[in-house]
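Colleague: Here is how the chains run, residue by residue.
Protein chains: 2
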Amino acid sequence: MTYCLAAVVDEGIVFASDSRTNAGVDHVSTYRKMHTFAWPGERVFVLLSAGNLATTQSVLRAIERDLDQGAETSLASVARMDEAAEYLGGLSVERQHQATRSAGERSQVSVEATFILGGQIGDGEAEVYLVYPQGNFITVSSDQSFFQIGETKYGKPILDRIIAPDLSLESAGICALLSIDSTMRSNLSVGPPVELLLYPRDSLTLERRMNFEQDDPYFVALREAWSEGLKRLFEGLPRLPDAASSTI
Amino acid sequence: MTYCLAAVVDEGIVFASDSRTNAGVDHVSTYRKMHTFAWPGERVFVLLSAGNLATTQSVLRAIERDLDQGAETSLASVARMDEAAEYLGGLSVERQHQATRSAGERSQVSVEATFILGGQIGDGEAEVYLVYPQGNFITVSSDQSFFQIGETKYGKPILDRIIAPDLSLESAGICALLSIDSTMRSNLSVGPPVELLLYPRDSLTLERRMNFEQDDPYFVALREAWSEGLKRLFEGLPRLPDAASSTI
Chain E
1 MTYCLAAVVD EGIVFASDSR TNAGVDHVST YRKMHTFAWP GERVFVLLSA GNLATTQSVL
61 RAIERDLDQG AETSLASVAR MDEAAEYLGG LSVERQHQAT RSAGERSQVS VEATFILGGQ
121 IGDGEAEVYL VYPQGNFITV SSDQSFFQIG ETKYGKPILD RIIAPDLSLE SAGICALLSI
181 DSTMRSNLSV GPPVELLLYP RDSLTLERRM NFEQDDPYFV ALREAWSEGL KRLFEGLPRL
241 PDAASSTI
Chain R
1 MTYCLAAVVD EGIVFASDSR TNAGVDHVST YRKMHTFAWP GERVFVLLSA GNLATTQSVL
61 RAIERDLDQG AETSLASVAR MDEAAEYLGG LSVERQHQAT RSAGERSQVS VEATFILGGQ
121 IGDGEAEVYL VYPQGNFITV SSDQSFFQIG ETKYGKPILD RIIAPDLSLE SAGICALLSI
181 DSTMRSNLSV GPPVELLLYP RDSLTLERRM NFEQDDPYFV ALREAWSEGL KRLFEGLPRL
241 PDAASSTI
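One line per chain: the protein sequences are E and R, in this order.
Using the UniProt record's numbering, the first residue of the first sequence is number 1, and each one after it goes up by one.
Using the UniProt record's numbering, the first residue of the second sequence is number 1, and each one after it goes up by one.
Some clues are possibly wrong.
Note: identical chains are not told apart, hence a pair may lie in one copy or across any two.
Listed below are the simulated DMTMM-like cross-link pairs for lysine to aspartate or glutamate, each with C-alpha atoms no more than 25 Å apart in a straight line [as the list claims (entries may be wrong)]:
id : residue 1 : residue 2
1  : K231      : D82
2  : K231      : E83
3  : K231      : E72
4  : K231      : D242
5  : K231      : D10
6  : K231      : E125
These are computed hints drawn from the structure, not numbers from a lab.
Note that the structure is predicted; figures quoted are calculated from it, not measured.
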């Protein structure tokens with residue numbers, strides 16, 4: 001499994017991902033799931049991937065091939081973020097079909113892959129798209145300002161409670177880290193290192209990219225502060241009502 | 001879906017459950033999933049159920065029939081909690097088989113049900129069992145002091161971080177409420193009212209049972225205190241390291 005997320009706030013976009021891939025408990029390895037393509041000052045893209053690793057790697061190779069060969073449509077040529085999402089969705093579907101054809105009808109392995117694509121092109125808006133295995137895609141709304149892919153449930157409550165448009169980019173980054181940490185605690189198929197990228201709106205550079213191993217001093221301090229703080233917060237919560245008031 | 005949980009702490013056992021059942025978005029209704037059987041001073045049982053509603057209701061009717069008819073094996077006759085779990089597992093398997101036979105092989109509907117059974121018999125230990133659809137069962141350990149059934153993922157991180165043997169029964173109850181609240185926020189298939197039962201070890205009574213509608217004043221105050229506290233806690237967390245220190 002995998003857990004990646006992107007959250008949009010007024011100041012910019014946060015991207016975060018774990019690095020564990022597995023196909024059964026005997027085949028666990030570490031792969032980065034955050035991929036960046038940047039033409040500083042002109043256009044930047046951040047790609048997060050979940051699903052079949054062969055499909056996601058194949059899509060990445062296709063993106064790079066199109067860039068190398070100066071293809072008519074590539075991340076260097078698209079004029080808007082939604083065109084980039086459409087291009088990505090097309091590549092993804094093509095690669096999945098290819099894998100299915102090669103494997104034949106009998107294969108039980110899912111070759112599906114899901115992507116989050118975010119970034120900004122020139123004067124355009126900084127945007128994030130969720131690209132489904134079917135190649136179609138959606139963007140965030142004012143009520144749904146984050147996307148998650150992979151093992152999404154454990155890390156959702158903290159995003160639901162904290163992510164809001166006026167949250168600072170820095171705080172959104174911390175929230176993303178804690179969302180991934182909660183998931184790693186609860187589910188073995190999501191694991192370190194955790195990658196985090198903060199994209200300040202209109203900066204057109206991808207400079208603030210961080211990588212946290214499990215024992216990274218900051219990550220350790222953050223986890224401890226969070227756990228301690230939760231316990232303190234917990235002790236200050238209103239006590240349960242007397243049996244008399246709410247008992248049925 | 002459903003979400004129920006039981007957590008064991010030194011002081012006793014907490015049981016909590018939501019009340020939503022659904023079979024598709026058009027068939028949503030409210031059913032209690034917490035069922036109690038008490039002979040005060042002698043023996044008490046709390047049963048939480050998830051899965052096929054017809055199966056769980058059928059199992060409950062069988063339990064009551066065995067009690068009414070003074071059957072050789074019933075909740076009134078078993079001598080230990082594990083016997084009670086075995087009895088429940090047997091009933092559950094029998095009812096599932098019956099439903100499958102009636103429906104024939106072609107039915108695509110799962111008749112499976114999962115139960116949490118907790119309680120105490122006389123001088124025995126206060127215990128909790130998770131009873132699988134196959135009728136077999138497990139109990140808690142020192143490292144796994146809570147069980148969840150149904151839609152379990154959203155509400156797990158808070159239990160992972162807070163539930164510990166030395167937590168007070170009261171606080172474990174609040175933690176259970178927040179775990180269910182987090183799940184209700186994130187998933188429409190889990191809904192109010194929320195039932196909560198605190199069982200103080202060796203009390204052999206089920207007196208502290210509470211029922212919280214979504215707009216219950218205490219439940220509202222708890223949610224607000226939690227959300228506000230999380231936001232405050234969040235603001236006090238260590239800031240992300242400088243780009244220089246952890247950037248790759």
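Colleague: With reference to the structure, classify each hint as holding or not holding.
Modeller: So, going through the hints one by one against the coordinates:
1. K231 with D82: Neither. Shortest intra-copy (44 Å) and inter-copy (34 Å) distances fail the 25 Å Cα cut-off.
2. K231 with E83: For K231 and E83, neither the intra-copy (47 Å) nor the inter-copy (37 Å) Cα distance is at most 25 Å.
3. K231 with E72: neither (56 Å within a copy, 47 Å between copies)
4. K231 with D242: within (23 Å within a copy, 28 Å between copies)
5. K231 with D10: Classified as between; 18 Å across copies, 31 Å inside a copy.
6. K231 with E125: Neither: 40 Å inside a copy, 28 Å across copies.
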